[in-house]
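Novice: Top line first, the protein sequences correspond to chains A and B.
The first sequence begins at 1 in this note's numbering and counts up one residue at a time.
The second sequence begins at 1 in this note's numbering and counts up one residue at a time.
Careful, some of the hints might be misleading.
[To be verified] Taking lysine-lysine and the DSS-like style, the derived pairs with C-alpha atoms no more than 27 Å apart in a straight line are:
#	chain 1	residue 1	chain 2	residue 2
1	B	K274	A	K16
2	A	K195	A	K52
3	B	K382	B	K206
4	B	K238	B	K184
5	B	K238	B	K382
6	A	K193	A	K2
7	B	K193	B	K113
8	A	K193	B	K22
9	A	K197	A	K2
10	A	K193	A	K52
11	B	K369	B	K203
12	A	K16	A	K66
13	B	K22	A	K16
14	A	K32	A	K20
15	B	K274	A	K231
16	A	K99	A	K66
17	B	K22	A	K50
18	A	K231	A	K247
19	A	K32	A	K195
20	A	K193	A	K109
21	B	K22	A	K32
22	A	K66	B	K22
23	A	K195	B	K22
24	B	K22	A	K196
25	B	K203	B	K193
26	A	K196	A	K66
27	A	K99	A	K2
28	B	K22	A	K197
29	B	K206	B	K193
30	A	K2	A	K152
31	B	K274	A	K20
32	A	K66	A	K197
33	A	K2	A	K52
Please keep in mind that the hints were generated in silico from the structure rather than gathered at the bench.
One letter stands for each residue in the lines below.
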Amino acid sequence: MKILVAVKRVVDYNVKVRPKSDGTGVDIANAKMSINPFCEIAVEEAVRLKEKGVATEIVAVSMGAKQSQEQIRTAMALGADRGILVESDTELQPLTIAKCLKAIVDNEKPDLVILGKQSIDGDNNQTGQMLGALTGMGQGTFASEIEIADGKVSVIREVDGGLQTVSLSLPAIVTTDLRLNEPRYASLPNIMKAKKKPLDTTTPEELGVDASPRVQTLKVEPPAERQAGIKVADVAELVDKLKNEAKVF
Amino acid sequence: MALNEHGGLTDDQQQLLDLADKFGREVLFPLAPKMDDEEWWPEEVFPQLGELGLLGITVPEQYGGAGLDMMSAGAIAQGFARWNHAFALSWVVHDNIMMNNLYRNASEFIRNKYLPRLCDGSSIGALALTEPGSGSDALGSMRTTATRDGDDFLLNGTKMFITNGPVADVLLVYAKTDVSRGAKGITAFVVEKDFPGFNVAQKLTKMGYRGSQTAELVFDNCRVPAENVVGEVNMGHKVVMSGLDFERAILTPMLLGICERALEISVEYSQTRKQFDQPISSFQMVQSRLAEMYMLVEAIRSYSYRVLSLTDSVEHGEGGRGEIHMQTAAAVMFAANNTNIILDNAVQIHGGSGYIWETEVNRLFRSTKLMEIGAGTTEVRKVIIAEGLLQS
Numbered sequence: 001m002k003i004l005v006a007v008k009r010v011v012d013y014n015v016k017v018r019p020k021s022d023g024t025g026v027d028i029a030n031a032k033m034s035i036n037p038f039c040e041i042a043v044e045e046a047v048r049l050k051e052k053g054v055a056t057e058i059v060a061v062s063m064g065a066k067q068s069q070e071q072i073r074t075a076m077a078l079g080a081d082r083g084i085l086v087e088s089d090t091e092l093q094p095l096t097i098a099k100c101l102k103a104i105v106d107n108e109k110p111d112l113v114i115l116g117k118q119s120i121d122g123d124n125n126q127t128g129q130m131l132g133a134l135t136g137m138g139q140g141t142f143a144s145e146i147e148i149a150d151g152k153v154s155v156i157r158e159v160d161g162g163l164q165t166v167s168l169s170l171p172a173i174v175t176t177d178l179r180l181n182e183p184r185y186a187s188l189p190n191i192m193k194a195k196k197k198p199l200d201t202t203t204p205e206e207l208g209v210d211a212s213p214r215v216q217t218l219k220v221e222p223p224a225e226r227q228a229g230i231k232v233a234d235v236a237e238l239v240d241k242l243k244n245e246a247k248v249f
Numbered sequence: 001m002a003l004n005e006h007g008g009l010t011d012d013q014q015q016l017l018d019l020a021d022k023f024g025r026e027v028l029f030p031l032a033p034k035m036d037d038e039e040w041w042p043e044e045v046f047p048q049l050g051e052l053g054l055l056g057i058t059v060p061e062q063y064g065g066a067g068l069d070m071m072s073a074g075a076i077a078q079g080f081a082r083w084n085h086a087f088a089l090s091w092v093v094h095d096n097i098m099m100n101n102l103y104r105n106a107s108e109f110i111r112n113k114y115l116p117r118l119c120d121g122s123s124i125g126a127l128a129l130t131e132p133g134s135g136s137d138a139l140g141s142m143r144t145t146a147t148r149d150g151d152d153f154l155l156n157g158t159k160m161f162i163t164n165g166p167v168a169d170v171l172l173v174y175a176k177t178d179v180s181r182g183a184k185g186i187t188a189f190v191v192e193k194d195f196p197g198f199n200v201a202q203k204l205t206k207m208g209y210r211g212s213q214t215a216e217l218v219f220d221n222c223r224v225p226a227e228n229v230v231g232e233v234n235m236g237h238k239v240v241m242s243g244l245d246f247e248r249a250i251l252t253p254m255l256l257g258i259c260e261r262a263l264e265i266s267v268e269y270s271q272t273r274k275q276f277d278q279p280i281s282s283f284q285m286v287q288s289r290l291a292e293m294y295m296l297v298e299a300i301r302s303y304s305y306r307v308l309s310l311t312d313s314v315e316h317g318e319g320g321r322g323e324i325h326m327q328t329a330a331a332v333m334f335a336a337n338n339t340n341i342i343l344d345n346a347v348q349i350h351g352g353s354g355y356i357w358e359t360e361v362n363r364l365f366r367s368t369k370l371m372e373i374g375a376g377t378t379e380v381r382k383v384i385i386a387e388g389l390l391q392s
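Isolated chain A, as found in the complex:
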């Protein structure tokens, strides 16, 4: 079976980012970029399925600027067999990404698509679900465990109330949560081998997708600094403040 894995290039999770002073976005000039941690978990899961003999081929796809190749190479160093870059210099929003992925799904016909549940830059948590709607494939989001048998994938989902198990017919979409697995390190020989793996490049236009943004960003500003707490004298004062200041009652 074939697995398609989506990987996104994002600011490394260790970088402390700041909004630009003009409020037009986040300053990421010269920042270290990495593969989105949730996407890395998606790659790891695909590689484990291949190691178990369940999957036979893993295709890693990324979208964005040319440098996103680096993240595809990382995915290939971890075990993906080949890569596809959808190159675009415009800001790609979740719906555009989902449409491009739909076009690639139509071409590649994977049995399983694994995505991160969200990326740590935009935190949208939309692409996997949108892809489900566009393709009509079943989706198991926020997966903490998956198992494939008899043409079905069983997904244990992390939901607010606890864990939910869903069973989906293949082909299906899975988005990963943090506890699904712990990604390995790419070994040095595998990093070298990844350079020789095939990487195709296409564009949203070639895939027949209009990449122009639908959502406009008006302003980006840092969250308000947290105010210091206070001590209350007794329960009565606490209740009064909850009622009249916090207005939670």
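Once you have looked at the hints, place chain B on chain A.
Specialist: Only chain B this time, still in chain A's reference frame:
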């Protein structure tokens, strides 16, 4: 060397630096406090590095290595050193100072016998040159002897300050085979820790780089088969001297990693520490220190990468003399001396907390001095440079 977005590293080398940095941050950094507190050694890491292919960087693939260059090895030393310089030192000694030396000078028999296990991390390597009575005059005053006994040599003597000594499985050991020839009567041997007559006399407690293991070793009629002679009998001085050039070169990226981290945490601390109702980074005297640290870090980077790329073109049997001898001595002297200045500034910015043993900046600070003493003192480095300049 063209400058690029990675400050001189190729894309491949940058990827190695990223891998070493990630492994350093996630695996080596959490080990550092216990190593520093207890001079503790994390046994599980070397096999892990073997699996990741991060051992034997400069050793060809046929022996289990990666077959890459000194710049690549340097990138790994740099990445590790940012997070755990003590471990980086152990790695450098194993991978380059011992293994690269062994590969460059040893027979096919020795290469095939020892390199694969050093490359997969099942064996740890060390190099034993210094003795209690022999430091800067390492060759002339060497007292350890090796005398022929049938098919073997019998080693007798003591080696001092040997990094990885307490945990090493395979050691490159220098001993005098012809005392009458002085420095030209030395031979290099491969010694296994299980050879009869080999003993770790004591594990030493250090000021810095704590957790990287250091020992005094005693050879008491230690029996070493003649096939374990590295290079030729009485030609050990060549092995020592060319090895020292590589050693000095590979120590510079380790110092760079230490300095990068010292600058990073100093910038962070200066922006969070408040005095007079403002971050101390708003004071020009703190800014001046940060600017000076940055300048020195970048200068060490440039010299480090330059000297590493120079060592890549040293032919087999070369080194230990001429331009490369001067360059490596100058580069490590520059890096070591300026590391001391950077670390001094880092602690000053951290103020009282920087004087507390368990803080990261204090651990970094205690790495001062060693690289001015090991691999040739600053004095010896100056002699090498001056001799090179004045001979004609």
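Novice: Let me make sure I understand: some of the numbered hints might not hold for this structure. Which ones are they, in numerical order?
Specialist: Violated hints: none; all satisfied.
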